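**Student:** Spelled out from the first residue to the last, the chains are:
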Amino acid sequence: MERIKVGEVSLEALTAGDGPSLLFLHGGDYFAQHRGLFDRLARQFRVFAPRHPGFGNSERPDGFRTVNDLAYLYLDLLENRDFGKTILVGASFGGWIALEMCVRCCEAIDRLVLIDSVGVKFGGREERDITDIYALPSDELLRRSFFDPERMAPDYARLDDDALGIVARDRQATALYGWRPYMHNPGLRLWLHRVRAPTLVIWGENDGIVTPDYGRKLCRSLPNARFEPIRQAGHYPQIERPDEVADAIERFARAEVL
Amino acid sequence: MKVWHFSEMAYHPAWPELRDSYRVVIPSRLFDPKVGADLYHRYLDEWALCDELGINIMTNEHHATATCADSVCTIPMAILARETRKVRLLALGMPIGNRNDPIRVAEEYSMLDVISRGRIEMGFVKGVPFEISPANTNPADLMERFWEAHDLILKAMTTHDGPFNWEGTHFHYRSVNVWPRPWQQPHPPVWMPVGSPGSATEAAERGMTIGVLNTGWVRTPPIFEAYRKKAAEVGRPMTPQRLAYMALIGVGNTREEGERRADQILGYSRTSGIVAPQFMNPPGYASVAQSAQAIKMSGAGFRAGRIQSRDGRNIDPRTMTVADAIDAGLVFAGTPDHVFDQLRAFYDHVGGFGHLLMMGQGGLLDHGETVANLSLFSREVLPRVGDLGAM
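One line per chain: the protein sequences are A and B, in this order.
Per the working numbering, the first sequence starts with residue 1, numbered consecutively.
Per the working numbering, the second sequence starts with residue 259, numbered consecutively.
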C-alpha cells in the first residue's frame with residue numbers, strides 16, 4: 001500500500017500492474033480479501049484501489065461525511081492524476097460512489113463496471129431493496145453475503161489487533177456514510193440517465209444483500225448497460241470468483257462499445 | 259446523600275414468552291394495553307408515594323422492549339410534577355443523540371421545570387447500543403450529535419432575549435426561541451449516565467452530575483476517580499453531589515425478607531441485557547479498539563465481563579444470585595442494618611458519592627412488596643444516609 005494526496009486528503013492506496021488505468025472503489029467490508037482480484041487485474045491494467053476516507057488507514061477530513069464528498073474526491077483524483085481514460089469499477093458501496101461520480105461527469109471515465117452495487121432505491125417506502133446488514137445475526141449475514149460462507153468467512157479470532165482495528169474502522173466508516181437513508185441516495189434514480197459511460201453490471205447470482213433482480217432493475221435504468229451474472233457467488237463475486245469477474249472486466253474493456 | 263427511587267416500569271407479563279431477545283425485534287402484540295394500563299398506574303402510585311416518604315424520583319426510557327415500558331421519560335414526570343409537591347424529579351434521561359429535535363427536548367424540560375416549580379433535574383443520555391436500531395440514528399457520529407444537541411438545548415434554555423440562529427453540523431434552526439423559560443436559573447441541574455472513565459472525564463469538564471449504573475465494586479472506583487481528577491484539573495468545584503451510584507435495594511424486617519425482595523428486583527438485571535447479538539455493537543458506537551475486541555469475540559456469548567465479583571470473577575447476570583449481586587456491589591439487601599452497612603462499605607470503597615439511585619422496584623416485585631420496601635427504607639435507612647456525602 002502507498003499513500004497519495006488528492007488535494008488536502010491523504011489516502012492509502014494499493015497500486016499494481018501496467019496498462020489502461022482502472023480505478024477500483026471498494027465496498028464496506030472485506031477489503032483484505034481482494035488480493036486475488038487485484039493480482040488478476042494487474043496483468044492487464046494499471047490498478048489503483050484507494051481506501052476511502054475513514055476506511056483502512058485513510059484519514060477522514062472534518063466535514064467529509066457523505067457519498068457526494070467521496071464522488072467529488074475521486075473525480076478530482078481522475079482529473080489531477082492524469083489517468084487518461086479510465087475504467088471505473090465500483091463494488092457494493094463503491095458502486096454507489098461510482099454512480100454518483102458518473103451522474104456528475106463521465107469525462108474521464110471510459111467504461112463503468114458495477115459489481116453488486118447499492119445506491120439506488122426502486123421499491124416503495126415499505127419495501128426494503130437493500131438488506132439491513134445491521135439487523136441480521138452474523139451467520140445469516142454471512143449466508144446472504146457469500147455463496148460458500150464456510151469457505152469465505154474470515155476467522156476474526158486469528159487476526160491481530162491492527163487488522164481487527166481496520167475491520168472496525170471500515171465498518172464504522174460504512175455506517176457513517178450509509179446509515180440513513182440506508183445505503184442509497186433517494187434522488188440518485190432521477191439522474192441515472194446521465195451515466196453515459198458504457199456500463200457492465202456484474203452480479204453474484206446468489207447475492208442475498210442486493211438480489212440479482214435489483215441488479216437487473218439497475219441495469220435497465222442505465223442508458224448503456226448490460227448485465228452479467230456470476231454463478232456460485234454472493235454479494236462479493238470479486239472475492240468468491242475473482243477469475244470470472246476479472247475475465248468479464250477484461251472482455252468488456254476490449255469489446256467495441258455496445 | 260440524596261436518595262432517588264427508580265423503576266424501569268417493566269412490562270414483565272411478556273417475559274415468559276421471550277427467549278433470545280427482550281428488545282428491538284419483539285412484537286407489540288405481546289403487550290396487552292389493559293394489563294399495561296394497570297402496571298403504569300401502579301408504578302406511578304409508587305412514585306407518588308415517594309413524595310410522602312421523602313424519596314426523590316427518577317425515571318428513564320428505553321424503546322421497543324418489554325424490560326422498560328417507559329418509552330418517554332418525561333411522560334411520567336409530567337404526571338408526577340403535579341401529583342407530587344416536595345421531592346425532586348430526575349429524568350435520566352433523554353437520549354439526545356437519538357432524538358431528532360433538541361428544541362422539543364428543551365421545551366419538555368422547561369415546561370416540567372415550571373409546572374413542578376423548579377424540581378426537575380435533566381438527564382442527557384447516550385443510550386445503550388440497542389437503542390440505535392429503534393431510533394435509526396447513525397451510531398458512527400452519535401456522540402458528536404449528542405454534544406451538539408447538549409449545547410443547543412442549554413443555549414435554548416438560557417437565552418431569554420428572543421430568537422437565535424443555529425446552523426450546526428446536525429441541527430438547523432434559524433429561530434430558536436423556547437417558551438417557557440425554566441424555573442431554575444440558569445437551568446435545571448444536568449446529569450449524564452456514564453459507564454467508563456473516558457465519559458466521566460467529558461462530564462467532569464462540563465460540571466455535569468454523573469449517574470453510574472451497574473458498574474459495581476470493580477468498575478466504579480476508576481470512573482469516580484477519573485471524574486475527580488478531571489474536575490480538579492479544570493478547576494471545577496468537586497463535591498459528592500456530582501457523583502451518583504445506582505444500586506438495587508431490597509430491605510425487609512428480616513434478612514430473608516430483604517433478600518427475597520432483592521431477588522425479585524434482580525429480574526431487571528437478569529433480563530435487561532438479553533438482546534440479539536447483532537444489536538450489541540453497532541458500528542462506531544464504541545471506540546475502534548473496543549469494536550475490534552467485540553469483532554474478535556463475536557460469538558463468544560453474552561456480555562462477557564460486564565459484571566465482576568470483588569475477586570474478579572465474571573458473573574452471568576442472567577443467573578446472578580442475590581449473594582453474587584451483593585458481592586459485586588450491585589445490590590444492597592437484608593435488614594435496614596445490612597443495607598446501611600453494605601451501602602457504607604461501598605461508599606467508602608469508591609471514595610464517596612452524593613446520590614443513591616435506588617432501584618426500589620424491578621422485575622416481578624409487586625405493588626404491596628414495593629410499597630413495603632420503600633416505606634421501610636424511608637423509615638429505617640433514609641435517616642441514616644443523610645450524613646453520607648454531605649458537604
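Since the hints were derived computationally from the structure, they do not count as laboratory data.
Quantities reported herein were computed from a predicted structural model and do not represent experimental measurements.
Worth double-checking, as some hints may not be accurate.
Take a look, some chain A residues computed to stay more than 10 Å from chain B by CB distance [stated by the list, open to error]:
id: 1; residue: E2
id: 2; residue: R65
id: 3; residue: F83
id: 4; residue: S138
id: 5; residue: Y156
id: 6; residue: D161
id: 7; residue: Q172
id: 8; residue: T174
id: 9; residue: L192
id: 10; residue: E244
In silico contact screen, one side only, chain B against chain A (beta carbon under 7 Å); selected entries [as the list claims (entries may be wrong)]:
id: 11; residue: H321
id: 12; residue: N358
id: 13; residue: P392
id: 14; residue: N394
id: 15; residue: P397
id: 16; residue: M401
id: 17; residue: P495
id: 18; residue: M496
id: 19; residue: Q536
id: 20; residue: S549
id: 21; residue: A550
id: 22; residue: K554
Facing chain B, from chain A, some residues (calculated, C-beta under 10 Å) [unchecked claim]:
id: 23; residue: L14
id: 24; residue: F48
id: 25; residue: P61
id: 26; residue: L136
id: 27; residue: L141
id: 28; residue: R144
id: 29; residue: L176
id: 30; residue: P186
id: 31; residue: G187
id: 32; residue: L188
id: 33; residue: F252
C-beta: ideal position from N, C-alpha, C; glycine also.
**Student:** If a hint holds in the structure, say so; if it doesn't, say that too.
**Tutor:** Against the structure, the hints come out as follows:
No beta-carbon of chain B is positioned within 10 Å of the beta-carbon of E2/A; the least distance is around 23 Å. Not every CB of chain B lies more than 10 Å from the CB of R65/A, the least distance being 7 Å, so the non-interface label is violated. At the 10 Å boundary, the C-beta of F83/A stays outside the reach of chain B, the nearest C-beta of that chain being 31 Å off. At the 10 Å boundary, the C-beta of S138/A falls inside the reach of chain B, the nearest C-beta of that chain being 6 Å off.
The claim that Y156/A is not at the interface with chain B is violated, since a C-beta of that chain comes within 10 Å of its own (minimum 5 Å). Interface exclusion of D161/A from chain B breaks down, the closest Cβ pair being 6 Å apart, not more than 10 Å. The beta carbon of Q172/A is not kept farther than 10 Å from every beta carbon of chain B, the shortest such distance being approximately 4 Å. Non-interface status of T174/A relative to chain B is broken: a Cβ of that chain comes within 10 Å, the nearest being about 7 Å off.
The beta carbon of L192/A sits about 26 Å from the closest Cβ of chain B, which is more than 10 Å, so the claim that it is off the interface holds. Distance to chain B confirms E244/A as a non-interface residue, since its nearest Cβ pair spans about 29 Å, more than 10 Å. Taken as an interface hint, H321/B does not check out: its beta carbon lies about 15 Å from the nearest beta carbon of chain A, beyond 7 Å. Because the smallest distance between the Cβ of N358/B and any Cβ of chain A comes to about 11 Å, over 7 Å, the interface hint for this residue is violated.
The criterion of a C-beta within 7 Å of any C-beta in chain A is not met by P392/B, whose closest approach is roughly 11 Å, and the hint is violated. Taken as an interface hint, N394/B checks out: its beta carbon lies about 6 Å from the nearest beta carbon of chain A, inside 7 Å. Among the interface hints, the one on P397/B holds; its C-beta lies about 6 Å from the nearest C-beta in chain A, closer than the 7 Å criterion. At a threshold of 7 Å, the smallest CB-CB gap from M401/B to chain A is about 12 Å, leaving the interface hint violated.
For P495/B, the interface hint is violated, the least distance from its beta-carbon to any beta-carbon of chain A being 34 Å, above 7 Å. At a threshold of 7 Å, the smallest CB-CB gap from M496/B to chain A is about 33 Å, leaving the interface hint violated. The restraint placing Q536/B at the interface with chain A holds, with a minimum CB-CB distance near 6 Å, inside the 7 Å limit. For S549/B, the interface hint holds, the least distance from its beta-carbon to any beta-carbon of chain A being 4 Å, beneath 7 Å.
Here the hint on A550/B is kept, as its CB sits about 4 Å from the closest CB of chain A, short of 7 Å. The closest approach between the C-beta of K554/B and any C-beta of chain A is roughly 5 Å, which is under the 7 Å cut-off, so the hint is satisfied. Residue-level restraint check for L14/A is violated (minimum Cβ-Cβ distance to chain B is 21 Å; threshold 10 Å). Evaluation of the F48/A hint against chain B yields a violated restraint, the C-beta minimum of about 26 Å exceeding 10 Å.
A distance limit of 10 Å between C-beta atoms decides the matter here; for P61/A the minimum to chain B is near 14 Å, and the interface restraint is violated. Taken as an interface hint, L136/A checks out: its beta carbon lies about 6 Å from the nearest beta carbon of chain B, inside 10 Å. Hint status for L141/A: holds, given a least beta-carbon distance of 8 Å to chain B, under 10 Å. Against a cut-off of 10 Å between C-beta atoms, the interface hint on R144/A is violated, since the closest Cβ of chain B lies about 13 Å away.
Proximity of L176/A to chain B holds as hinted, the smallest CB-CB distance being about 4 Å (cut-off 10 Å). This hint is violated: P186/A has a C-beta 15 Å from the nearest C-beta of chain B, more than the 10 Å allowed. For the restraint placing G187/A at the interface with chain B, the shortest Cβ-Cβ distance is roughly 19 Å, beyond the 10 Å limit, so the hint is violated. A distance limit of 10 Å between C-beta atoms decides the matter here; for L188/A the minimum to chain B is near 19 Å, and the interface restraint is violated.
At its closest, the beta carbon of F252/A sits 33 Å from a beta carbon of chain B; the interface hint therefore is violated under the 10 Å criterion.
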